[in-house]
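Residue numbers (UniProt numbering), protein chains in the order written: chain A, 1 to 294; chain B, 1 to 294.
No wet-lab data here; the hints were simulated from the structure. Treat each hint with caution, since some may be false.
Claimed, not checked - Listing some non-contacts, in silico: residues in chain B with all C-beta distances to chain A over 12 Å: (1) D19; (2) D60; (3) D240; (4) K245; (5) R260; (6) Q267; (7) F274; (8) Y288.
Unchecked claim - Residues from chain A that face chain B, not an exhaustive set, calculated with beta carbons under 10 Å: (9) M33; (10) Q98; (11) H102; (12) A108; (13) D115; (14) A116; (15) L125; (16) D128; (17) I141; (18) G152; (19) M161; (20) T172; (21) T174.
All residues carry an ideal CB built from backbone N, CA and C; glycine is no exception.
Protein chains: 2
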Amino acid sequence: MEFETRLTEIADKVTVALDQLIPPAQGPEADLMRAMRHAALANGKRMRPFYVIETGALFDADHKALLRTAAALECVHTYSLVHDDLPCMDDDDLRRGQPTVHKAFDEATAVLAGDALLTLAFKILASDETHNDPAVRLRLIERLADASGATGMVGGQMIDMLQEASPRDLNTITRMQRLKTGALISYSVEAGAIVGGASANAKHALAGFAQDLGLAYQIADDLLDATGDQNVVGKTLRSDEAAGKANFVTILGIEGARERINLLAAQARQHLDFFRGRANILLHSVDYVLDRTR
Amino acid sequence: MEFETRLTEIADKVTVALDQLIPPAQGPEADLMRAMRHAALANGKRMRPFYVIETGALFDADHKALLRTAAALECVHTYSLVHDDLPCMDDDDLRRGQPTVHKAFDEATAVLAGDALLTLAFKILASDETHNDPAVRLRLIERLADASGATGMVGGQMIDMLQEASPRDLNTITRMQRLKTGALISYSVEAGAIVGGASANAKHALAGFAQDLGLAYQIADDLLDATGDQNVVGKTLRSDEAAGKANFVTILGIEGARERINLLAAQARQHLDFFRGRANILLHSVDYVLDRTR
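With the rest of the complex left out, here is chain A (with noise of 0.2 Å):
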């Protein structure tokens, strides 16, 4: 219960704040910025800004610089959603529960969207007023590309559209998701602890706990995709199926799937005990990521 009270807390902070940062609709390019509110104001989980947000909480880092990166952070989640949803894509009609930005707009303004949401994302990591000192900023900056750039999350986008419709074993899905998915998450908790100025050794017990995590997360969201109700979720379910695309859920099987996720989940909670029983928000969203999936 805790968990998901602060899981909606810091869901409503981060919009809050993403309806500050994001420029105001004014102009003949208003629809850029309604387009850009459109995708990142929706009714998401934010479960990204939550560990920014509780992870830098164990080292009692400044509540307001983890604001920020955790809503630049969303910027660059928002902006992925918004081009993998394109035509050229996934070609998605439904996200968040509402039509993705080329339905409710068009495809050049969802390609615009998605872009300048990349760019503020560096914009609001660079700027003073993020109240982290300017090594620690250059710090979340390069990290943040290196997660979301082409050895990480569009590189992992790029081998889930090459190899739509083609045969993927287990290796080569589980490798896409640490670069597409993965890669974000463990940013979100490596932020954190770097506007935490955690030691290396906290790093290190972070580093594991998000991979796990990560790993646990997709696998979750391959079954919702398989086995969840299209309305509950809001989003277009049955995808890979529909595209013949190989994920964890037909190589494992349902139940090897949910298999696959309590070994991860274990895992994930053994890398917190590092922590001495000061992670319990964090042990609590492992909970979350299982019972999705029940």
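Using the hints, position chain B against chain A.
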């Protein structure tokens, strides 16, 4: 002659730098890096890198720092070309004398290669290999995000998209171009000044120079679009005419556009008086802009 030699020298150095900065083409996602290289290593004039480096040289700035800053800026310029050429945007087949990225690869790869180039720009600027001190790196990042995001280049492209085939007056077109192309040209000059630690007065003179030059450059581009030889220019021409779009030439006429360019060029040169003959290479660059249209 000196000017063209310098422009070629800088173009070659920037291409070598980009070749080293773009990740190698490896793994199943190799086409992503190939597409980034296709776009970024193609034969561009590299005007923006030229202005970064030659403006920085006015203040004896570190050459390595300038070159990496220039390479980052060229990544942003290149990404904007890749996305602007997409079928849902300007739908162009030819760029820098070769097929556009979505023609040589496909649309999804073009979207992702653009995303990855934009992300790489911020990675390059944040990295300590850039040899700038942290405050300078942060300032470069923040101003690049301003110049290229929703309130800069992307905002300008949005106006350009929305107003296709709708009536446009000189004020609207001037504002659109100030955002779409002017902001990044201004940034190129500002970046050199930031890296070089220029005084506020020097920055002010350079900002005036860049604003007049950028507008002259865009009017010259419209002239070239109306009167140039596609085989020489290396990109699709008569595109505004084909789309029924108003531009500086359709509004001012060919002679009126030439007059306006001459006026702006004279103003641009005046701003350089501040440097009392030390900005000769920048002066010559103004002639180059004029020469393009003769």
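Status of the hints after comparison with the structure:
no. : hint : in the structure
1   : D19  : holds, 14 Å
2   : D60  : holds, 24 Å
3   : D240 : holds, 16 Å
4   : K245 : holds, 14 Å
5   : R260 : holds, 22 Å
6   : Q267 : holds, 26 Å
7   : F274 : holds, 29 Å
8   : Y288 : holds, 29 Å
9   : M33  : holds, 6 Å
10  : Q98  : violated, 21 Å
11  : H102 : holds, 8 Å
12  : A108 : holds, 5 Å
13  : D115 : holds, 5 Å
14  : A116 : holds, 4 Å
15  : L125 : holds, 8 Å
16  : D128 : holds, 8 Å
17  : I141 : holds, 4 Å
18  : G152 : holds, 8 Å
19  : M161 : holds, 5 Å
20  : T172 : holds, 7 Å
21  : T174 : violated, 13 Å
Violated hints for the displayed structure, listed by number in ascending order: 10, 21.
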